[in-house]
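Q: Using the sequences provided together with the hints, build the complete structure.
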Amino acid sequence: QVRLVESGGGLVPAGGSLRLSCAASGSIISDDTMAWYRQAPGEQRELVAASTSDGSPTYADSVKGRFTISRDNAKNTVYLQMNSLQPEDTAVYYCNARIKSEFWRWYWGQGTQVTVSS
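Letter by letter, the sequence shown follows residues 18 to 135 in my numbering.
Keep in mind that the hints were calculated from the coordinates and are not lab data.
C-beta: ideal position from N, C-alpha, C; glycine also.
Some hints here could point you the wrong way.
Said to hold, decoys possible - Just the calculated beta-carbon pair ranges, DEER-fashion: (1) P30 <-> S73: 17 to 25 angstroms; (2) R122 <-> P30: 33 to 41 angstroms; (3) G25 <-> G59: 18 to 26 angstroms; (4) S135 <-> D71: 37 to 45 angstroms; (5) N90 <-> E119: 34 to 42 angstroms; (6) S42 <-> E105: 27 to 35 angstroms; (7) K117 <-> S73: 34 to 42 angstroms; (8) V22 <-> D49: 13 to 21 angstroms; (9) L64 <-> R122: 14 to 22 angstroms; (10) S70 <-> E119: 17 to 25 angstroms; (11) D78 <-> G43: 30 to 38 angstroms.
A: Below, the structure written as C-alpha cells:
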C-alpha cells in the first residue's frame with residue numbers, strides 16, 4: 018500500500034512564504050511525475066506545479082515566478098516552495114504522484130490547508 022502524506026500548510030499573511038512537503042511511503046518500486054494541485058472552496062481542483070522524474074517542472078501561469086517545485090527522489094518526496102503568497106492562493110493543496118507498486122497508478126494525498134490573509 019502506498020501513501021502520500023503532505024505537511025507544511027498553515028496561515029500566513031499576504032506576501033509571506035510556506036513550504037509544502039509530500040512524502041510517499043509504502044511498497045514503492047519507482048515513481049514518475051509528482052505534482053501539486055489545489056482546490057479553493059467552490060472551485061475545481063487545478064494543477065499548480067508538476068515535476069517529471071528528471072526534475073523538469075511545469076507551472077500554472079498564476080504561480081510562475083512565485084512557486085518552485087522540487088523533489089528528492091531518494092526520499093520519494095516532493096516539495097513546493099511558495100513565495101509572495103496572495104489571498105487568491107488560499108486553498109487545500111493536494112499532492113499527486115504516479116508510482117509503481119504492483120503496477121503504475123496515480124495516488125493522492127489527503128490535502129493540506131493553506132490560508133493567506135489579506
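Q: For every hint, state whether the structure bears it out.
A: We went through each hint and held it up to the structure:
Distance hint check: the CB atoms of P30 and S73 are about 32 angstroms apart, inconsistent with the given range 17 to 25 angstroms. The beta-carbon spacing between R122 and P30, approximately 39 angstroms, falls within the hinted interval of 33 to 41 angstroms. At about 24 angstroms, the CB distance of G25 to G59 agrees with the hint of 18 to 26 angstroms. Taken as a hint, the range 37 to 45 angstroms holds for the pair S135 and D71, whose Cβ atoms sit roughly 38 angstroms apart.
N90 and E119 have their C-beta atoms about 20 angstroms apart, which leaves the hinted 34 to 42 angstroms range violated. Remark: the range hint 27 to 35 angstroms for S42 to E105 is upheld by a beta-carbon distance near 32 angstroms. Distance hint check for K117 and S73: the Cβ-Cβ separation is about 19 angstroms, which falls outside the suggested range of 34 to 42 angstroms. Under the hint 13 to 21 angstroms, the C-beta atoms of V22 and D49, about 19 angstroms apart, fit the expected range.
L64 and R122 have their C-beta atoms about 18 angstroms apart, which keeps the hinted 14 to 22 angstroms range intact. For S70 and E119, the hinted distance range of 17 to 25 angstroms is satisfied, since their beta carbons lie about 19 angstroms from each other. Taking 30 to 38 angstroms as the suggested C-beta distance range, the pair D78 and G43 conforms, at roughly 34 angstroms.
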